[in-house]
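2 protein chains.
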Amino acid sequence: MKGVEILPVEGIPEVRPGDDLPALISRAAGDILRAGDILVVTHKVVSKAEGRLVDLREVEPSAFAKRFAVEHEKDPRQVEVVLRESRRIVRMDRGLIISETHHGFVCANAGVDASNVPGEDRVCLLPADPDASAAKIREALASRVGEDIAVVISDSFGRPWREGITNVAIGVAGMNPLADYRGEEDPYGYQLAASVLAVADEIAAAAELVMGKTSGVPLAVVRNYPYKPGPGFAQDLLMEPSRDLFR
Amino acid sequence: MKGVEILPVEGIPEVRPGDDLPALISRAAGDILRAGDILVVTHKVVSKAEGRLVDLREVEPSAFAKRFAVEHEKDPRQVEVVLRESRRIVRMDRGLIISETHHGFVCANAGVDASNVPGEDRVCLLPADPDASAAKIREALASRVGEDIAVVISDSFGRPWREGITNVAIGVAGMNPLADYRGEEDPYGYQLAASVLAVADEIAAAAELVMGKTSGVPLAVVRNYPYKPGPGFAQDLLMEPSRDLFR
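Residue numbers (the working numbering), protein chains in the order written: chain V, 518 to 764; chain G, 518 to 764.
Don't read these hints as lab results, they were simulated from the structure. Since the structure is predicted, the reported quantities are computational estimates derived from the model, not experimental observations. All C-beta atoms in this analysis are idealised placements derived from N, C-alpha and C, irrespective of residue type, glycine included. Among the hints, a few may not be true.
Listed next, with one range per pair, are the computed distances between beta-carbon atoms [said to hold, decoys possible]:
| id | chain 1 | residue 1 | chain 2 | residue 2 | range |
| --- | --- | --- | --- | --- | --- |
| 1 | V | Leu-762 | G | Gly-528 | 37 to 43 Å |
| 2 | V | Arg-533 | G | Arg-601 | 15 to 21 Å |
| 3 | G | Ala-649 | V | Gly-663 | 48 to 54 Å |
| 4 | V | Phe-581 | G | Pro-746 | 46 to 52 Å |
| 5 | V | Pro-758 | G | Gly-636 | 36 to 42 Å |
Taking lysine to any residue pairs in the SDA-like style, the calculated list, with each CA pair at most 25 Å apart, reads [said to hold, decoys possible]:
| id | chain 1 | residue 1 | chain 2 | residue 2 |
| --- | --- | --- | --- | --- |
| 6 | G | Lys-591 | V | Glu-637 |
| 7 | V | Lys-519 | G | Gly-547 |
| 8 | V | Lys-591 | G | Asp-761 |
| 9 | V | Lys-591 | V | Glu-680 |
| 10 | V | Lys-591 | G | Asp-697 |
| 11 | G | Lys-745 | V | Gly-729 |
| 12 | V | Lys-519 | G | Asp-548 |
| 13 | V | Lys-745 | G | Val-734 |
| 14 | V | Lys-519 | G | Ala-552 |
| 15 | G | Lys-591 | G | Ala-625 |
| 16 | V | Lys-591 | G | Pro-704 |
| 17 | V | Lys-519 | G | Leu-541 |
| 18 | V | Lys-653 | V | Pro-525 |
| 19 | G | Lys-591 | V | Gly-663 |
| 20 | G | Lys-591 | V | Glu-757 |
| 21 | G | Lys-591 | V | Val-713 |
| 22 | G | Lys-745 | V | Glu-527 |
| 23 | V | Lys-745 | V | Glu-702 |
| 24 | G | Lys-653 | G | Asp-548 |
| 25 | G | Lys-519 | G | Tyr-698 |
| 26 | V | Lys-519 | V | Gly-663 |
| 27 | V | Lys-519 | G | Arg-551 |
| 28 | V | Lys-583 | V | Asp-646 |
| 29 | V | Lys-745 | G | Glu-680 |
| 30 | V | Lys-519 | G | Pro-743 |
| 31 | V | Lys-591 | G | Glu-757 |
| 32 | V | Lys-519 | V | Glu-701 |
| 33 | G | Lys-591 | V | Gln-708 |
| 34 | G | Lys-519 | V | Pro-525 |
| 35 | G | Lys-745 | V | Lys-653 |
| 36 | V | Lys-745 | G | Phe-674 |
| 37 | G | Lys-519 | V | Asn-741 |
| 38 | G | Lys-591 | V | Tyr-705 |
| 39 | G | Lys-583 | V | Glu-701 |
| 40 | V | Lys-745 | G | Pro-525 |
Okay, chain V solo, but in the shape it has when bound (with noise of 0.2 Å):
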């Protein structure tokens, strides 16, 4: 088996509110795609182009919100914010908020952040449809390189009982985000029985290793991995509230 390789891909200029996000990547990226490949694009410059920003002086925080920040020293026009964003608060405690959002996706600050931002007094939220941006970007790549992309859209979250934050897929468009070898044998012949892996995940993992958090890598190729092709969304990723012992 061959390596598989991934590559920074820049010259993706700063990206405003309005602008056509998926040429852009087409230009940037279409010399360097490949039939097979994954782009990995950082949520940033999606939610950014997709006018995705907030101006906290236009914010009026509620009592809750106010209260909260009061005691934890926060901005509470960037607490209401990370509410409004929110459908349900999983923890609120020791100045985090561990929410759901609206896609379902459960992190700090229902994604809601104020770095790799433009301007003072400006937050950044998620794109409002993950998967619908990436499968916009793997249309205008299709037409543009003629073959079969596959789109992951990243964010970093943290996670419990383990320091440090790790991307992770919020959209994902031309691929199964999972790879699941359930039924399958191991060498011993065992019947795997837990075996679903979330590849678009690790995708994403790997793709931070060429993104940086400072060098401003918006986008990154995965080349010779063998995923799955065809329809898949990364809000297959989101466990059942049925299965999920930590609501």
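Fit chain G to the given chain V structure using the hints.
Leaving out everything else, chain G in the frame of chain V:
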């Protein structure tokens, strides 16, 4: 920046208790490794070499293990082993046991697993001290390859809220498993506040892309990733109980 490469390494024979794994690994990977590489080793070969296998026919389940097993159609002897490998139960519900191992990892079944183990009625435990195991492999490689190599021992863990398992680091030697960007500025001059990346977990996840689950590739080389060399341990990835909202 050059891309990151993930290379599968084959040529490890069936590993048996008492085998000199660092020597086997040096032989298999010695000619491939270069200075600055990270070698990812799946924990199962480490556990096997260290004799961390349990013959279930020799396990006498406790009354507690028996009751849980009957209720959820499990093997009471395997439940007993899971309890013995646990220092604390985090959740025990719907037939699942999520526990904290004696090392401090929180995962399903305390990492006890029947897949990829030869012989019936046999299960595999996590290595007793995966950081020490990683350090031993690193020493063997240093004397053979004569260059600086980091080592990551991996296992695949589930996580709350998201479907599927992903590879994480349970043993580390020769690198800092966390990349701390706090205090650095993004391209807009915003000081990053929450940006500590669990890069050892991302490296383990990337390696899984060439290891597969049934193909029996126990080693992968991660090349061209500019990690921070020096002392570092997977223990550094464990969250302080006082900061953990999901105990």
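Here is what the structure says about each hint:
1. V:Leu-762 x G:Gly-528: 37 to 43 Å: holds, 40 Å
2. V:Arg-533 x G:Arg-601: 15 to 21 Å: Between V:Arg-533 and G:Arg-601, where Cβ atoms are some 58 Å apart, the hint is violated.
3. G:Ala-649 x V:Gly-663: 48 to 54 Å: Since the Cβ atoms of G:Ala-649 and V:Gly-663 sit about 52 Å apart, the hinted range of 48 to 54 Å holds.
4. V:Phe-581 x G:Pro-746: 46 to 52 Å: Hint holds: Cβ distance 47 Å, inside 46 to 52 Å.
5. V:Pro-758 x G:Gly-636: 36 to 42 Å: At roughly 39 Å between Cβ atoms, G:Gly-636 and V:Pro-758 fall inside 36 to 42 Å, so the hint holds.
6. G:Lys-591 x V:Glu-637: violated, 56 Å
7. V:Lys-519 x G:Gly-547: holds, 18 Å
8. V:Lys-591 x G:Asp-761: Status holds; Cα separation ~20 Å.
9. V:Lys-591 x V:Glu-680: With a Cα-Cα distance of about 22 Å, the restraint between V:Lys-591 and V:Glu-680 holds, given a limit of 25 Å.
10. V:Lys-591 x G:Asp-697: Status holds; Cα separation ~22 Å.
11. G:Lys-745 x V:Gly-729: holds, 13 Å
12. V:Lys-519 x G:Asp-548: holds, 17 Å
13. V:Lys-745 x G:Val-734: holds, 20 Å
14. V:Lys-519 x G:Ala-552: Holds - the C-alpha atoms of G:Ala-552 and V:Lys-519 are around 21 Å apart, at most 25 Å.
15. G:Lys-591 x G:Ala-625: holds, 14 Å
16. V:Lys-591 x G:Pro-704: holds, 23 Å
17. V:Lys-519 x G:Leu-541: holds, 22 Å
18. V:Lys-653 x V:Pro-525: holds, 21 Å
19. G:Lys-591 x V:Gly-663: violated, 51 Å
20. G:Lys-591 x V:Glu-757: Within the cut-off at roughly 22 Å; holds.
21. G:Lys-591 x V:Val-713: At roughly 20 Å apart (the allowed maximum being 25 Å), V:Val-713 and G:Lys-591 satisfy the hint.
22. G:Lys-745 x V:Glu-527: Since the Cα atoms of G:Lys-745 and V:Glu-527 sit roughly 23 Å apart, the hinted pair holds (cutoff 25 Å).
23. V:Lys-745 x V:Glu-702: Holds. V:Lys-745 to V:Glu-702 sits at ~19 Å (cutoff 25 Å).
24. G:Lys-653 x G:Asp-548: With a Cα-Cα distance of about 19 Å, the restraint between G:Lys-653 and G:Asp-548 holds, given a limit of 25 Å.
25. G:Lys-519 x G:Tyr-698: holds, 21 Å
26. V:Lys-519 x V:Gly-663: Given pair V:Lys-519, V:Gly-663 holds - Cα atoms ~24 Å apart, limit 25 Å.
27. V:Lys-519 x G:Arg-551: holds, 18 Å
28. V:Lys-583 x V:Asp-646: violated, 29 Å
29. V:Lys-745 x G:Glu-680: This hinted pair holds, its Cα atoms lying about 17 Å apart.
30. V:Lys-519 x G:Pro-743: Measuring from Cα to Cα gives roughly 22 Å; hence the hint holds.
31. V:Lys-591 x G:Glu-757: holds, 22 Å
32. V:Lys-519 x V:Glu-701: holds, 23 Å
33. G:Lys-591 x V:Gln-708: holds, 16 Å
34. G:Lys-519 x V:Pro-525: holds, 8 Å
35. G:Lys-745 x V:Lys-653: violated, 37 Å
36. V:Lys-745 x G:Phe-674: holds, 22 Å
37. G:Lys-519 x V:Asn-741: holds, 16 Å
38. G:Lys-591 x V:Tyr-705: holds, 21 Å
39. G:Lys-583 x V:Glu-701: Given pair G:Lys-583, V:Glu-701 is violated - Cα atoms ~29 Å apart, limit 25 Å.
40. V:Lys-745 x G:Pro-525: holds, 19 Å
In this structure, the earlier hints numbered 2, 6, 19, 28, 35, 39 are contradicted, and the remaining ones agree with it.
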